[in-house]
Amino acid sequence: DTGVSQDPRHKITKRGQNVTFRCDPISEHNRLYWYRQTLGQGPEFLTYFQNEAQLEKSRLLSDRFSAERPKGSFSTLEIQRTEQGDSAMYLCASSDFGGGGAFFGQGTRLTVV
Amino acid sequence: AQSVSQHNHHVILSEAASLELGCNYSYGGTVNLFWYVQYPGQHLQLLLKYFSGDPLVKGIKGFEAEFIKSKFSFNLRKPSVQWSDTAEYFCAVNDYNTDKLIFGTGTRLQVFP
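In the order they appear, the protein sequences are chains A and B. For the first sequence, the numbering used here gives the first residue as 80, with consecutive numbering after it. For the second sequence, the numbering used here gives the first residue as 75, with consecutive numbering after it.
Bear in mind the hints are in silico, worked out from the structure with no lab data behind them. A virtual CB, placed ideally from N, CA and C, is assigned to each residue, including glycine. It cannot be assumed that every hint is accurate.
Sample of chain A residues at the chain B side, in silico, Cβ under 10 Å [to be verified]:
| no. | residue |
| --- | --- |
| 1 | 114 |
| 2 | 116 |
| 3 | 119 |
| 4 | 123 |
| 5 | 124 |
| 6 | 166 |
| 7 | 170 |
| 8 | 179 |
| 9 | 183 |
Just a sample of chain B residues kept apart from chain A, beta carbon distances all over 12 Å, derived [claimed, not checked]:
| no. | residue |
| --- | --- |
| 10 | 92 |
| 11 | 96 |
| 12 | 102 |
| 13 | 130 |
| 14 | 138 |
| 15 | 158 |
| 16 | 168 |
In isolation and in its complexed conformation, chain A is listed as follows (with noise of 0.2 Å):
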């Protein structure tokens, strides 16, 4: 499967712990999302990369969340001192400069307890 893939599927956390996920994009996209959905909404954006440079950071971005991009390859997003506001669905897309819209991963699925 060449599309996007997301590790884990889903994680279940205590609070306060910290977790952190993976991203693999498309391999020719140089663009990559992180979004993260809630029950009953669409997904929301968090920040994105053009190749290892982090060009936009949403302010649902606290300062417990940081991601990065090493390589331009794939990402890793990190949630520190975990809350249980923190429980969603983590969403990964990667697009290329074309502007053909973004394709996304399966999710990572965060339960805070």
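Based on the hints, put chain B in the right spot on chain A.
The following block gives chain B in isolation, referenced to the frame of chain A:
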């Protein structure tokens, strides 16, 4: 700021009925418009997109959408739905420069045989 409104939150239809899902957007500049579909347990998939040209866009699985610039609308249509169309449908607009997507809250479609 960009925003997308989907007024139909939950639509229930019988097979062979016609479908129209509303989508209105707010953005002052050049936009690209998208409809994504999320089947139960699956990732978001691109259904169709509008960039320029013919305002009537045809997508996969018999879906089409019409861009009406004067109404800031991009409604999704299908003449005859099938049970397999049961899914959640999201309208989105992107930032022309970044491909960042702004989603509506989604419409849940249930089709009964």
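Right, here's what the structure says about each hint:
Hint status for residue 114 of chain A: holds, given a least beta-carbon distance of 8 Å to chain B, under 10 Å. Because the beta carbon of residue 116 of chain A sits about 9 Å from the nearest beta carbon in chain B, less than 10 Å, this interface hint is met. The criterion of a C-beta within 10 Å of any C-beta in chain B is met by residue 119 of chain A, whose closest approach is roughly 7 Å, and the hint holds. A cut of 10 Å between beta carbons decides the hint on residue 123 of chain A: the least distance to chain B is about 7 Å, and the hint holds.
This hint holds: residue 124 of chain A has a C-beta 5 Å from the nearest C-beta of chain B, less than the 10 Å allowed. About 18 Å separates the beta-carbon of residue 166 of chain A from the nearest beta-carbon of chain B, more than 10 Å, and the hint is not met. Evaluation of the residue 170 of chain A hint against chain B yields a held restraint, the C-beta minimum of about 7 Å falling below 10 Å. The restraint placing residue 179 of chain A at the interface with chain B holds, with a minimum CB-CB distance near 7 Å, inside the 10 Å limit.
Given the 10 Å rule on beta carbons, the hint for residue 183 of chain A holds: about 4 Å separates it from the nearest Cβ of chain B. Remark: the non-interface label on residue 92 of chain B is consistent with the geometry, its nearest Cβ contact in chain A lying 24 Å away (cut-off 12 Å). No Cβ of chain A comes within 12 Å of the Cβ of residue 96 of chain B; the nearest lies about 14 Å off, and the non-interface call holds. The beta carbon of residue 102 of chain B sits about 18 Å from the closest Cβ of chain A, which is more than 12 Å, so the claim that it is off the interface holds.
No beta-carbon of chain A is positioned within 12 Å of the beta-carbon of residue 130 of chain B; the least distance is around 18 Å. No Cβ of chain A comes within 12 Å of the Cβ of residue 138 of chain B; the nearest lies about 16 Å off, and the non-interface call holds. Listed as a non-interface residue, residue 158 of chain B keeps its Cβ farther than 12 Å from every Cβ of chain A; the least gap is roughly 20 Å. A cut-off of 12 Å between C-beta atoms contradicts the statement that residue 168 of chain B is not in contact with chain A; the least separation is 7 Å.
Figure legend: structure checked against the earlier numbered hints; hints not met, in rising order: 6 and 16.
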